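Asks: Single-letter residue listing:
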Amino acid sequence: MADELKTPLLDELEKGPWPSFVTDIKSMAETKEMPRDLLRQLEKSYEDKRGYWKHGGLVGVMGYGGGVIGRYSALPEEFPGVSHFHTVRVNQPSGWFYTSDAMREIIDIWDAHGSGLYNMHGSTGDMVLLGTRTEELEPTFQALTEKGWDLGGSGSDLRTPSNCVGPARCENACYDTMEMAYQLTHNYQDELHRPMFNYKFKIKMSGCPNDCTASIARSDMAVIGIWKDDIKVDKEEFAKYIDDGFNVKEFVVEKCPTQCISVEGKEISIDNSNCVKCMHCINRMPKALSVGDEKGFAINIGAKAPIVEGALFAQSIIPFMQIKDGDYAGLYDLIERIWEFWDEHGMARERIGEFIERVSLATFLEGVGLEPLPTMVKAPRDNPYIFYEEYFADEDAGEGEE
Amino acid sequence: MGDISVDQLAEDCYAIVAENAGQKKVKAGDLQKAMAAKYGDQIGRADVKAAIKQLMDSGRTVYGYFGGSSIELPHKEAAENQ
Numbered sequence: 062m063a064d065e066l067k068t069p070l071l072d073e074l075e076k077g078p079w080p081s082f083v084t085d086i087k088s089m090a091e092t093k094e095m096p097r098d099l100l101r102q103l104e105k106s107y108e109d110k111r112g113y114w115k116h117g118g119l120v121g122v123m124g125y126g127g128g129v130i131g132r133y134s135a136l137p138e139e140f141p142g143v144s145h146f147h148t149v150r151v152n153q154p155s156g157w158f159y160t161s162d163a164m165r166e167i168i169d170i171w172d173a174h175g176s177g178l179y180n181m182h183g184s185t186g187d188m189v190l191l192g193t194r195t196e197e198l199e200p201t202f203q204a205l206t207e208k209g210w211d212l213g214g215s216g217s218d219l220r221t222p223s224n225c226v227g228p229a230r231c232e233n234a235c236y237d238t239m240e241m242a243y244q245l246t247h248n249y250q251d252e253l254h255r256p257m258f259n260y261k262f263k264i265k266m267s268g269c270p271n272d273c274t275a276s277i278a279r280s281d282m283a284v285i286g287i288w289k290d291d292i293k294v295d296k297e298e299f300a301k302y303i304d305d306g307f308n309v310k311e312f313v314v315e316k317c318p319t320q321c322i323s324v325e326g327k328e329i330s331i332d333n334s335n336c337v338k339c340m341h342c343i344n345r346m347p348k349a350l351s352v353g354d355e356k357g358f359a360i361n362i363g364a365k366a367p368i369v370e371g372a373l374f375a376q377s378i379i380p381f382m383q384i385k386d387g388d389y390a391g392l393y394d395l396i397e398r399i400w401e402f403w404d405e406h407g408m409a410r411e412r413i414g415e416f417i418e419r420v421s422l423a424t425f426l427e428g429v430g431l432e433p434l435p436t437m438v439k440a441p442r443d444n445p446y447i448f449y450e451e452y453f454a455d456e457d458a459g460e461g462e463e
Numbered sequence: 017m018g019d020i021s022v023d024q025l026a027e028d029c030y031a032i033v034a035e036n037a038g039q040k041k042v043k044a045g046d047l048q049k050a051m052a053a054k055y056g057d058q059i060g061r062a063d064v065k066a067a068i069k070q071l072m073d074s075g076r077t078v079y080g081y082f083g084g085s086s087i088e089l090p091h092k093e094a095a096e097n098q
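Going down the list, the protein sequences come from chains W and R. Under the working numbering, the first residue of the first sequence is numbered 62, with each subsequent residue one higher. Under the working numbering, the first residue of the second sequence is numbered 17, with each subsequent residue one higher.
You may find that some hints are simply not true.
[Said to hold, decoys possible] In silico DSSO-like cross-links for lysine-lysine, where the CA-CA straight-line distance does not exceed 30 Å: (1) W:LYS93 x R:LYS92; (2) R:LYS40 x W:LYS208; (3) R:LYS40 x W:LYS115; (4) W:LYS348 x W:LYS310; (5) W:LYS385 x W:LYS301; (6) R:LYS69 x W:LYS208; (7) W:LYS105 x R:LYS69; (8) R:LYS54 x W:LYS115; (9) W:LYS289 x W:LYS316; (10) R:LYS43 x W:LYS115; (11) W:LYS296 x W:LYS327; (12) R:LYS41 x W:LYS115; (13) W:LYS93 x W:LYS76; (14) W:LYS115 x W:LYS289; (15) W:LYS93 x W:LYS208; (16) W:LYS316 x W:LYS348; (17) W:LYS115 x W:LYS67; (18) R:LYS43 x R:LYS92; (19) W:LYS115 x W:LYS93; (20) R:LYS65 x R:LYS41; (21) W:LYS289 x W:LYS310; (22) R:LYS43 x R:LYS65; (23) W:LYS208 x R:LYS54; (24) W:LYS93 x W:LYS67; (25) W:LYS310 x W:LYS296; (26) W:LYS293 x W:LYS327; (27) W:LYS327 x W:LYS385.
[As the list claims (entries may be wrong)] Stretch-level coverage of chain R by chain W, calculated; a stretch enters the list once three of its residues show a Cβ under 8 Å from a Cβ in chain W: (28) 34 to 45; (29) 65 to 71; (30) 76 to 85; (31) 88 to 94.
None of these hints come from the bench; they were simulated from the model. As the structure is a prediction and not an experimental result, all values here were calculated from the model. Where a beta carbon is used, it is the ideal one built from N, C-alpha and C, also for glycine.
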């Protein structure tokens with residue numbers, strides 16, 4: 062079999078210093094038809110400069126509208142091994158913590174029912190099992206659920222919530238990202254498995270403004286840990302940085318975006334009222350500086366990658382929120398108000414960020430019942446010829462007083 | 017929920033999906049709006065969600081995906097390979 066696999070163009074992708082997916086797939090092509098035909102079809106695509114996949118459309122498991130992405134080869138006679146090549150998304154554990162036994166479990170299932178190829182992880186966070194046939198979908202699903210796994214989201218649904226490791230391994234975590242991802246995933250099982258939105262909706266949770274899940278750029282709803290009080294300073298540890306020759310002025314003071322740090326000898330002073338919580342100083346001097354004690358999270362909404370419209374960053378709608386005594390009711394209420402308004406007035410394939418751009422932030426806030434705040438301002442207004450009724454009301458009132 | 021049962025809503029939803037089969041992709045939101053228009057305050061969003069769930073779990077309808085998720089009658093895809 063091995064001598065039939067001639068892939069000169071793909072072989073070029075093995076020559077660099079970096080790991081090669083071609084090498085990985087070849088390692089399985091000796092024993093399985095699906096990886097072998099996958100390489101052969103890909104080589105043909107490179108030769109012909111066109112893709113040979115057809116969207117599968119209507120494949121999945123009974124009752125679920127997400128979790129399976131259907132693909133068929135457009136050349137099934139030539140490449141029968143990939144005639145069907147469906148992808149299965151498996152809901153990852155919070156923070157991507159696995160035992161080696163759990164990983165073996167997944168891989169054994171996929172070796173038995175699919176190509177054996179997988180990605181750890183997709184951009185939403187799921188484990189992505191690549192390539193199986195339609196008749197293997199239900200058996201795969203059954204094998205996964207028997208071991209306690211479930212499918213993730215796909216299509217116009219709530220995509221699998223994902224989070225950073227949070228307090229499990231990180232001292233900067235301002236809230237329990239692991240717990241929140243777990244709670245959201247369980248509370249919104251219907252929304253995750255049964256597409257009911259205008260388009261996809263991603264929630265990502267980062268424990269601090271370092272935003273290790275890149276939620277601010279990659280999720281419709283970014284939940285980012287934040288603190289309200291002052292950065293904590295360990296004076297002894299700070300002095301050690303100075304004693305060890307660390308150039309605080311160059312690497313910290315001058316890099317502070319709001320210039321709110323000053324250093325005199327071995328003393329550091331921070332004007333916390335001007336701190337924007339960029340995390341730079343804490344990241345550079347983690348032993349001396351740490352996040353404050355009054356911790357919570359901010360909610361930002363509307364990020365997306367460029368597909369229909371251009372890329373969008375999320376913008377703040379809730380500057381500070383806390384989960385107290387494990388009560389998520391307030392967060393659920395907010396999420397459901399957002400979904401309801403977007404569902405009612407959004408257009409098909411319109412992400413929430415695009416929706417807000419279309420209807421305006423003011424309309425959106427009114428629709429979901431939020432008060433406008435200065436923190437919601439993304440940029441200074443660039444048109445000076447805007448007048449509000451309140452201005453005239455103030456003027457009228459002022460005239461009377463004068 | 018008033019006198020309108022989930023079974024009744026499921027039948028109403030199924031009728032809309034069947035009526036539009038092959039012509040228009042029906043989305044969950046379309047069914048929500050149609051049921052709200054028909055029954056008003058007698059039903060809530062959760063009732064329609066339950067009705068759709070019943071249709072899916074029974075296999076009378078399936079989820080499709082072409083430019084957004086839709087609710088469809090089971091059928092063979094044109095793209096499907098044997």
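Asks: Hint by hint, say whether it matches the structure.
Replies: Structure-based check of each hint:
1. Under the criterion of a C-alpha separation no larger than 30 Å, the hint pairing LYS93 of chain W with LYS92 of chain R is consistent with the structure, at around 28 Å.
2. Distance restraint check for LYS40 of chain R and LYS208 of chain W: the Cα-Cα separation of roughly 39 Å exceeds the 30 Å cut-off, and the hinted pair is therefore not satisfied.
3. With a C-alpha separation of about 21 Å, the suggested pair LYS40 of chain R and LYS115 of chain W falls inside the 30 Å cut-off, and the hint holds.
4. Between the alpha carbons of LYS348 of chain W and LYS310 of chain W the distance comes to roughly 17 Å, so the proposed pair stays at or under 30 Å and holds.
5. Annotation: proposed proximity of LYS385 of chain W to LYS301 of chain W is violated, straight-line Cα distance about 37 Å (limit 30 Å).
6. Taking the CA atoms of LYS69 of chain R and LYS208 of chain W, the gap is about 24 Å. The hint holds against a cut of 30 Å.
7. With a C-alpha separation of about 42 Å, the suggested pair LYS105 of chain W and LYS69 of chain R falls outside the 30 Å cut-off, and the hint is violated.
8. Proximity of LYS54 of chain R to LYS115 of chain W is assessed by CA-CA distance (about 39 Å); at most 30 Å being required, the pair is judged violated.
9. The suggested pairing of LYS289 of chain W with LYS316 of chain W holds, with an alpha-carbon distance near 22 Å, which does not exceed 30 Å.
10. Distance restraint check for LYS43 of chain R and LYS115 of chain W: the Cα-Cα separation of roughly 23 Å lies within the 30 Å cut-off, and the hinted pair is therefore satisfied.
11. Using a Cα cut-off of 30 Å, the hinted pair LYS296 of chain W and LYS327 of chain W holds, with the two alpha carbons roughly 8 Å apart.
12. Under the criterion of a C-alpha separation no larger than 30 Å, the hint pairing LYS41 of chain R with LYS115 of chain W is consistent with the structure, at around 19 Å.
13. The suggested pairing of LYS93 of chain W with LYS76 of chain W holds, with an alpha-carbon distance near 24 Å, which does not exceed 30 Å.
14. Note on LYS115 of chain W and LYS289 of chain W: the hinted pairing is violated, with a Cα-Cα distance of about 51 Å set against a maximum of 30 Å.
15. About 25 Å separates the Cα atoms of LYS93 of chain W and LYS208 of chain W, which keeps this hinted pair within 30 Å; it holds.
16. Restraint check for LYS316 of chain W and LYS348 of chain W: satisfied, since their Cα atoms lie roughly 18 Å apart, inside the 30 Å limit.
17. Simply put, LYS115 of chain W and LYS67 of chain W have alpha-carbon atoms about 24 Å apart, close enough for the 30 Å limit, and the pair holds.
18. For the hint linking LYS43 of chain R to LYS92 of chain R, the alpha-carbon distance of about 19 Å falls within 30 Å, and the restraint holds.
19. Restraint check: the Cα-Cα separation between LYS115 of chain W and LYS93 of chain W comes to about 22 Å, which is no more than 30 Å; the hinted pair holds.
20. Of the pairs offered as hints, the one joining LYS65 of chain R and LYS41 of chain R holds, with about 18 Å between alpha carbons and a cut-off of 30 Å not exceeded.
21. Using a Cα cut-off of 30 Å, the hinted pair LYS289 of chain W and LYS310 of chain W holds, with the two alpha carbons roughly 25 Å apart.
22. Taken as a hint, the LYS43 of chain R and LYS65 of chain R pair is honoured in the structure, with Cα atoms around 12 Å apart against an allowance of 30 Å.
23. This hinted pair does not check out: LYS208 of chain W and LYS54 of chain R have alpha carbons roughly 43 Å apart, beyond 30 Å.
24. Distance restraint check for LYS93 of chain W and LYS67 of chain W: the Cα-Cα separation of roughly 16 Å lies within the 30 Å cut-off, and the hinted pair is therefore satisfied.
25. This hinted pair checks out: LYS310 of chain W and LYS296 of chain W have alpha carbons roughly 16 Å apart, not beyond 30 Å.
26. For the suggested pair LYS293 of chain W and LYS327 of chain W, the alpha carbons sit about 16 Å apart, so the restraint of at most 30 Å is met.
27. A hinted pair counts as satisfied when its Cα atoms are at most 30 Å apart, and LYS327 of chain W with LYS385 of chain W does not qualify at roughly 38 Å.
28. Only residues whose C-beta sits within less than 8 Å of a C-beta in chain W count toward coverage, and the segment 34 to 45 of chain R has 3 of them, enough to reach three; the restraint holds.
29. Evaluation of the coverage hint for the segment 65 to 71 of chain R: fulfilled, as 3 residues show C-beta separations to chain W shorter than 8 Å, against a requirement of three.
30. Given as covered by chain W, the segment 76 to 85 of chain R passes the check, having 8 residues with a CB less than 8 Å from a CB of that chain where 3 are the minimum.
31. Check on the segment 88 to 94 of chain R: 3 of its residues sit with their Cβ under 8 Å from a Cβ of chain W, so the three-residue criterion for coverage holds.
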